[in-house]
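Novice: Assemble the complex: chain A is given as a structure, and chain B must be docked to it using the hints.
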Amino acid sequence: MDKLIEQFSLGLFFWQLILFVGLVLLLKKFAWGPILKSVGEREEGIKDALDEAENARKEMQNLNADNARILKEARAERDLLLKEAREMKDGIIADAKNEAQAQANKVIEQAQATILAEKNAAISDLKNQVAELSISIAEKVIQGELADKNKQEKLVQDLLKEVTIS
Amino acid sequence: MQNILRNYYQKGSMLKNNLIKILVFLLFVITNTVNAQETAEHHNSEEKDIKVEIKEYINHHLLDSYDFSLYSYTNDEGEHKYVGFPLPVILIDGGLKVFSSSKFHHGETVAEVDGNYYTVFHNKIYKTDAEGTITLDDHHHPTNVKPLDFSITKNVAVIFLVGLLMFFMFSRMAKSYQKNNLMPLGFGRMLEPIIMYIRDDIAIPNIGKKHYKKYMSYLLTVFFFVWIINLLGLTPLGVNVTNNIAVTFALALITYLLTTFTANKNYWKHIFWMPGVPGPMKVILAPIELLGTIIKPFSLMIRLYANITAGHIVLMSIIGLMFIFKSWIGSPLSFGLAFALALLELLVSALQAYIFTMLSALYFGMAVEEHDDHH
Chain A
160 MDKLIEQFSL GLFFWQLILF VGLVLLLKKF AWGPILKSVG EREEGIKDAL DEAENARKEM
220 QNLNADNARI LKEARAERDL LLKEAREMKD GIIADAKNEA QAQANKVIEQ AQATILAEKN
280 AAISDLKNQV AELSISIAEK VIQGELADKN KQEKLVQDLL KEVTIS
Chain B
411 MQNILRNYYQ KGSMLKNNLI KILVFLLFVI TNTVNAQETA EHHNSEEKDI KVEIKEYINH
471 HLLDSYDFSL YSYTNDEGEH KYVGFPLPVI LIDGGLKVFS SSKFHHGETV AEVDGNYYTV
531 FHNKIYKTDA EGTITLDDHH HPTNVKPLDF SITKNVAVIF LVGLLMFFMF SRMAKSYQKN
591 NLMPLGFGRM LEPIIMYIRD DIAIPNIGKK HYKKYMSYLL TVFFFVWIIN LLGLTPLGVN
651 VTNNIAVTFA LALITYLLTT FTANKNYWKH IFWMPGVPGP MKVILAPIEL LGTIIKPFSL
711 MIRLYANITA GHIVLMSIIG LMFIFKSWIG SPLSFGLAFA LALLELLVSA LQAYIFTMLS
771 ALYFGMAVEE HDDHH
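Chains as they are written, first to last, in our numbering: chain A, 160 to 325; chain B, 411 to 785.
Where hints are given, some of them may not hold.
[What the hints assert, rightly or not] Okay, derived cross-link-like pairs now, SDA-like style, lysine to any residue, Cα gap no bigger than 25 Å in a straight line:
#1 B/Lys507 / B/Asp486
#2 A/Lys187 / B/Lys692
#3 A/Lys188 / B/Ser586
#4 A/Lys196 / B/Asp611
#5 A/Lys196 / B/Gly730
#6 A/Lys196 / B/Arg609
#7 A/Lys217 / A/Ala233
#8 B/Lys534 / A/Lys187
#9 A/Lys196 / B/Glu518
#10 A/Lys187 / B/Leu769
#11 A/Lys187 / B/Asn526
#12 B/Lys620 / A/Asp207
#13 A/Lys188 / B/Phe570
#14 A/Lys188 / B/Phe577
#15 B/Lys692 / B/Gly775
#16 A/Lys187 / B/Leu574
#17 A/Lys187 / B/Lys585
#18 B/Lys537 / A/Lys217
#19 A/Lys196 / B/Lys692
#20 B/Lys513 / B/Asp548
#21 B/Lys537 / A/Leu163
#22 B/Lys465 / B/Val724
#23 A/Lys206 / B/Lys585
#24 A/Lys187 / B/Phe577
#25 B/Lys623 / B/Leu667
#26 B/Lys491 / B/Glu779
Think of the hints as simulated: they come from the structure by calculation, not from any bench.
The shape of chain A in the complex, shown without the other chains (with noise of 0.2 Å):
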């Protein structure tokens, strides 16, 4: 101990003070400085490029869904579209059918009051045939009646007691 500190030297001393405190302030003010804010720019500029690719990554996978999403709407919509298609083909079949349905019955409706009316007139014809050939047999009858003169008598003379009766 007594050796170093006869051995100290105050010159050293100074010399390396001065240096030392010379060097730190100019190292500060033209290496340390920009060397470290170069750095910290570029340890910047590094995280803003990974930020942004993740950024461009979650836009990617936006997009990505946004795309499945509107193909899903638009397969949804054809879907729609398509059973909306069905349902108004059944809904003109149906009606078609209803209405075929109705002018048949229509058809066999008037067919059948036609049919009527034609056995109505049948009927009425054969109706008149038969009174007119009563009418006929009638005559001839009475013809042959009324051909003996006692008979008639007899007629009047009944037809008249009834008269006098009632």
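Specialist: Okay, now just chain B, sitting in the frame of chain A:
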């Protein structure tokens, strides 16, 4: 990363233990063989000289010097020749005195400046008379006047060079960010993870996201400064800055001042009037806590100084062993050992920088900590 370092540290200390075992074993084996040789060839006085020379060399290496000499040798005429260059000496002794350290001739002559005479004694400059006489007291301390010494010594020159290097390296790196779309170019690519590590694993966890920014410049500078200086200490240039207590003291002082002057109310409250303990304990705790604020940076100073100094001494001693053994077994073995130890020192140099930065961040974190009084 922290775990990895911790693992390395553990492994490092294990390795250190193993190395010490190997070292002890080798010393045992080799000193035996050396002793055997010595008894056979009689005592060789030259060997003793080498040991003394190595010891002196190591001691010399651990000290600062007034010139930048890479190596020295003795030529045929017995003259010491130094390869290197002198550095300016700045003294305050009745006015500013600036002269080249070449006037000392590596401490061998007296320098005369404006009628004053100066000489170097144990790596310190003293004022002397024209003959350069140094008078010693009973404790072998010189009684001569010591002028205020602000010389650009070898260590000062090195810290200035490192400061320049760091300034150009990191300001260039900062510019490359602007040119290359916020990415570093070249060597900056290697430095950036270290800066990021200091920010994300030292500053933010210890100080907190809210306050860490104001300490970043200091933490980064201190980490790279200590690391580069430690690494330079491992080169054969003979640089030894962080094993000088003045340097680590200056660094620890800055940590202490930063902690003290950026501390919030909470920090002082915990020092002078510790919440949650009984009244008398508060009175006892206050001086302990106050002392603790000084001990913390003091430990920073000693840790860095001691680790690097110990590393240098051990490494140089093992290198020195090569020259002592001068045998086919001993020298390659100590070379291998020195190599392994140098690798370990490479790790220690980074580790000590890390620990200094980490603990500084921890102390800053304590200073700005905001918590409710719940304990």
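Novice: State for each hint whether it applies.
Specialist: Comparing the hints with the structure gives:
1. A C-alpha spacing of about 37 Å is found between B/Lys507 and B/Asp486, which places the hinted pair above 25 Å, so the restraint is violated.
2. Under the criterion of a C-alpha separation no larger than 25 Å, the hint pairing A/Lys187 with B/Lys692 is inconsistent with the structure, at around 40 Å.
3. Proposed proximity of A/Lys188 and B/Ser586 is supported: the alpha carbons are some 15 Å apart, at most 25 Å.
4. Between A/Lys196 and B/Asp611, the direct Cα distance comes to roughly 18 Å. Compliance with the 25 Å bound is thereby established for this hinted pair.
5. For the proposed pair A/Lys196 and B/Gly730, the alpha carbon gap of about 49 Å is over 25 Å, so the pair is violated.
6. Using a Cα cut-off of 25 Å, the hinted pair A/Lys196 and B/Arg609 holds, with the two alpha carbons roughly 12 Å apart.
7. Restraint check for A/Lys217 and A/Ala233: satisfied, since their Cα atoms lie roughly 24 Å apart, inside the 25 Å limit.
8. Proposed proximity of B/Lys534 and A/Lys187 is contradicted: the alpha carbons are some 35 Å apart, above 25 Å.
9. Taken as a hint, the A/Lys196 and B/Glu518 pair is broken in the structure, with Cα atoms around 54 Å apart against an allowance of 25 Å.
10. With a CA separation close to 21 Å, the supplied pair A/Lys187 and B/Leu769 stays within the 25 Å bound.
11. A hinted pair counts as satisfied when its Cα atoms are at most 25 Å apart, and A/Lys187 with B/Asn526 does not qualify at roughly 43 Å.
12. Between the alpha carbons of B/Lys620 and A/Asp207 the distance comes to roughly 22 Å, so the proposed pair stays at or under 25 Å and holds.
13. A hinted pair counts as satisfied when its Cα atoms are at most 25 Å apart, and A/Lys188 with B/Phe570 qualifies at roughly 18 Å.
14. With a CA separation close to 10 Å, the supplied pair A/Lys188 and B/Phe577 stays within the 25 Å bound.
15. For the hint pairing B/Lys692 with B/Gly775, the CA-to-CA distance comes to about 23 Å; that is within 25 Å, so the pair holds.
16. At roughly 14 Å between alpha-carbon atoms, A/Lys187 and B/Leu574 fall within 25 Å of each other, so this suggested pair holds.
17. Taking the CA atoms of A/Lys187 and B/Lys585, the gap is near 13 Å; set against the 25 Å cutoff, the hint holds.
18. For the hint pairing B/Lys537 with A/Lys217, the CA-to-CA distance comes to about 82 Å; that exceeds 25 Å, so the pair is violated.
19. The straight-line distance between the Cα atoms of A/Lys196 and B/Lys692 is roughly 44 Å, outside the 25 Å bound, and the hint therefore fails.
20. With a C-alpha separation of about 30 Å, the suggested pairing of B/Lys513 with B/Asp548 is violated against the 25 Å cut-off.
21. A hinted pair counts as satisfied when its Cα atoms are at most 25 Å apart, and B/Lys537 with A/Leu163 qualifies at roughly 22 Å.
22. The straight-line distance between the Cα atoms of B/Lys465 and B/Val724 is roughly 12 Å, inside the 25 Å bound, and the hint therefore holds.
23. In summary, the hint linking A/Lys206 to B/Lys585 is supported, as the alpha carbons are separated by about 23 Å, within the 25 Å threshold.
24. Restraint check: the Cα-Cα separation between A/Lys187 and B/Phe577 comes to about 10 Å, which is no more than 25 Å; the hinted pair holds.
25. Restraint check for B/Lys623 and B/Leu667: the C-alpha separation of about 17 Å stays at or below 25 Å, so the hint holds.
26. At roughly 58 Å between alpha-carbon atoms, B/Lys491 and B/Glu779 are farther apart than 25 Å, so this suggested pair is violated.
Hint compliance for this structure: hints 1, 2, 5, 8, 9, 11, 18, 19, 20, 26 are broken, all remaining hints hold.
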